[in-house]
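Generate the whole structure from the sequences, applying the supplied hints.
For the record, the sequence lines run as chains A and B. If you read the first sequence in the working numbering, its first letter stands for residue 172, the second for the next number, and so on. If you read the second sequence in the working numbering, its first letter stands for residue 172, the second for the next number, and so on.
Treat the hints as calculated values from the structure; they're not laboratory data. For clarity, every value in this text was computed on a predicted model and none was experimentally measured. Mixed in with the good hints, there may be bad ones.
Since the list can't tell identical chains apart, any single copy or any two copies may satisfy a pair.
[Unchecked claim] Distance condition first, Cα-Cα at most 25 Å in a straight line; then the derived SDA-like pairs of lysine to any residue:
1. LYS547 x GLN393
2. LYS425 x ALA345
3. LYS306 x ARG533
4. LYS266 x PRO534
5. LYS461 x GLN330
6. LYS306 x ALA280
7. LYS266 x ARG322
8. LYS547 x GLY245
9. LYS206 x LYS303
10. LYS206 x ARG278
11. LYS425 x ARG351
12. LYS266 x ILE526
13. LYS303 x VAL516
Now for the letters of each chain:
2 protein chains.
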Amino acid sequence: MGQVKASEAFTVVAEGSITTPKGFKAGGLHCGLKKTDRHDLGAIVCEVPAAAAGVYTLNQFQAAPIKVTQDSIGTEGKLRAVIVNSGNANAVTGKQGEADAFEMRSRFAERIGVPAAHVAVASTGVIGELLKMDKVRGGIDALPEKLDGSREGADGFCQAILTTDLVQKSVCVAVEIDGRTIHIAGAAKGSGMIHPNMATMLGFVTTDAAIGSEALQGVLRQATDMTFNMITVDGDTSTNDMLVAMASGLAGNKELTAAHPDWAKFADAFRYVCEVLAKAIARDGEGATKLVEVRIRGAESVEAARAIAKTVIGSSLVKSAMFGADANWGRIIAAVGRSGQPVNVDTVDVRIGDIATLEQSRPVPFDEDAALAYLKGDTVVIDVDLHMGESEAVAWGCDLTYDYVRINAAYRT
Amino acid sequence: MGQVKASEAFTVVAEGSITTPKGFKAGGLHCGLKKTDRHDLGAIVCEVPAAAAGVYTLNQFQAAPIKVTQDSIGTEGKLRAVIVNSGNANAVTGKQGEADAFEMRSRFAERIGVPAAHVAVASTGVIGELLKMDKVRGGIDALPEKLDGSREGADGFCQAILTTDLVQKSVCVAVEIDGRTIHIAGAAKGSGMIHPNMATMLGFVTTDAAIGSEALQGVLRQATDMTFNMITVDGDTSTNDMLVAMASGLAGNKELTAAHPDWAKFADAFRYVCEVLAKAIARDGEGATKLVEVRIRGAESVEAARAIAKTVIGSSLVKSAMFGADANWGRIIAAVGRSGQPVNVDTVDVRIGDIATLEQSRPVPFDEDAALAYLKGDTVVIDVDLHMGESEAVAWGCDLTYDYVRINAAYRT
Chain A
172 MGQVKASEAF
182 TVVAEGSITT
192 PKGFKAGGLH
202 CGLKKTDRHD
212 LGAIVCEVPA
222 AAAGVYTLNQ
232 FQAAPIKVTQ
242 DSIGTEGKLR
252 AVIVNSGNAN
262 AVTGKQGEAD
272 AFEMRSRFAE
282 RIGVPAAHVA
292 VASTGVIGEL
302 LKMDKVRGGI
312 DALPEKLDGS
322 REGADGFCQA
332 ILTTDLVQKS
342 VCVAVEIDGR
352 TIHIAGAAKG
362 SGMIHPNMAT
372 MLGFVTTDAA
382 IGSEALQGVL
392 RQATDMTFNM
402 ITVDGDTSTN
412 DMLVAMASGL
422 AGNKELTAAH
432 PDWAKFADAF
442 RYVCEVLAKA
452 IARDGEGATK
462 LVEVRIRGAE
472 SVEAARAIAK
482 TVIGSSLVKS
492 AMFGADANWG
502 RIIAAVGRSG
512 QPVNVDTVDV
522 RIGDIATLEQ
532 SRPVPFDEDA
542 ALAYLKGDTV
552 VIDVDLHMGE
562 SEAVAWGCDL
572 TYDYVRINAA
582 YRT
Chain B
172 MGQVKASEAF
182 TVVAEGSITT
192 PKGFKAGGLH
202 CGLKKTDRHD
212 LGAIVCEVPA
222 AAAGVYTLNQ
232 FQAAPIKVTQ
242 DSIGTEGKLR
252 AVIVNSGNAN
262 AVTGKQGEAD
272 AFEMRSRFAE
282 RIGVPAAHVA
292 VASTGVIGEL
302 LKMDKVRGGI
312 DALPEKLDGS
322 REGADGFCQA
332 ILTTDLVQKS
342 VCVAVEIDGR
352 TIHIAGAAKG
362 SGMIHPNMAT
372 MLGFVTTDAA
382 IGSEALQGVL
392 RQATDMTFNM
402 ITVDGDTSTN
412 DMLVAMASGL
422 AGNKELTAAH
432 PDWAKFADAF
442 RYVCEVLAKA
452 IARDGEGATK
462 LVEVRIRGAE
472 SVEAARAIAK
482 TVIGSSLVKS
492 AMFGADANWG
502 RIIAAVGRSG
512 QPVNVDTVDV
522 RIGDIATLEQ
532 SRPVPFDEDA
542 ALAYLKGDTV
552 VIDVDLHMGE
562 SEAVAWGCDL
572 TYDYVRINAA
582 YRT
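Here it is, written out as structure tokens:
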């Protein structure tokens, strides 16, 4: 397998996937929820009870599968599997929707011979329609045969979780702990309704590290705050967002806790996996032509830096300017100024790429042609230094394009 | 003059304008700030010192003219004039920008023979470029000749404050107080960067009512909270938003205070003027094809109702669905659910026009063709009843369209 060095602490496994960590199989198939013949049902299965953790949407209208997954992970912090459908969010579907989500759990648990409470359920797609359970049941019955531990199994799963996504989102890293090679891998889907505090986003992290479910929950929460909660596509938070992590323990390291000498190394590799997926979601935002990264430096606190970064990345005017390759720093500072966070209006620097456009809140003449060339690239970095303190944050998003409007003007119909 | 009945309390003066209230003249001209030959400098002048009040953007990067206007109104609560340019926001222009805004004030004050502190200044347009003061000076010197008390003068002013607006926004009402006919009129510009708490919005209200500046400030603040602060085009709050009211007192009524028997009638007429302008701004949002009105009922508090209404009206997904004439109530309740306000997830009704789509949080089958026909109209009302309390609020916005993206991808270049 090709290995790309990502830092001192870990390496990226270029051909790795969610089935690279020991103990995991995955797969997907088309059961009939999507109108096309694309996969719409998939699962990840672990051969042993994996330590499990989850974070969920803050939208008050939580979809039925969220309740099921919370119940499963809440029971004993263990999962053997997660089953996921796309094409239908099973959200705002009332008691029947809940019954359907619980049936997905129990039927799949039975097919693979594990306790129902060891299965998590996730759904993504249209809100407010009942699942076609005849299709789902047939799919669940056929799914175990599709599971395998190869890249093909992982690809099948990754296809099954997509909706308006254009590309699969997957990453795998290797990190040495206690002389063992531990793998951490992830898969995600995103596209619309993407905004901090979880979005139309499903994410799944597998690892063969030995770690307890509480420690896993801690590292997942910390990584989420720095990655998935720092992306936005359109400011909308969906009813179905869910991120689930499963740790098989089969790598044979000593159990990871905050006291383990390699804890920081593990947490950093875990964060990296989440960051790659989060950025991939932002880059593949509905209609997006580029990834936009906003770095806020010199803030009074991390909370302020995060809030300002999210305000800038979420601004429709900034996003439209990025689409138009327009170095419109005025809109950037207008967003900084309405963030509700402490800002010294006389000390702000704004750089677009390495082009200084504002220094100490004064416009700087810059080469418009160079700015245009930079902004036409597929990644744009906006760097704002407030010169007030030492705190910083990074947020990711995308440009606002004709295609975003086209996709969302006609999604349901 | 044609009169349209708007309520028991006041009548709309169809052909009225900001120069209809006694004592006011207005005018506009092209001084050279806009590349086209459209008007870019205008003024409203009152023949007596008018009681004055203002509300301003909450963006921390306030444009230079905001400081000037606050200084003028703060001096003794009186104005003789407001001078406005478009094409350049005079924002983030540092000490020179401030000096330029003060020079606009003093030069125009001198030309019309009033104290400098009786002149307010407003600017709208591109951020971060210094005003071409040679053009502005020439314009100021020529402006007094353009002022007149007819509809033509008002039209000249209304043209001068537009940027990407497509239509002029103007309204006039008449209300009987103390046996006198009082007129209240307004003019506004909007378009992009429109979001609650003041936007790229300039608004001017003239009245010949006799009212003190403190009482006028109170009625202006109250009306703003229910109207201008309840509209959004794109969630961005500009550096230049300003709403200024001037009362000449020439109608001859007894001074209006909260103790006056007709206070409520006056406040209602004043609110109506602001509401007409706010809705006109929303309808003419950049790229908009329709006005969207969101009514939240049955909320626990007015604050909650307002916050939920603003979340729904600001959702890019809801806005895109409105452009696509898609009765996508799922996005509406997803926005309700992420508003951060108290919501009972089991008791929500959603109507689109008079079509029920969700009752007690359960989807209701509806006639898709009827919904499509309704949504293709130029005004869409979304009505959400939370069934939790007695409070309600209304917010206004527009759809998100290809043209919004087109306009904002190429604004500066």
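Inset, instruction - Run the structure past the numbered hints and jot down the numbers of the failing ones, going up. - result: Going through the list in order, the structure violates hints 1, 7, 8 and respects the others.
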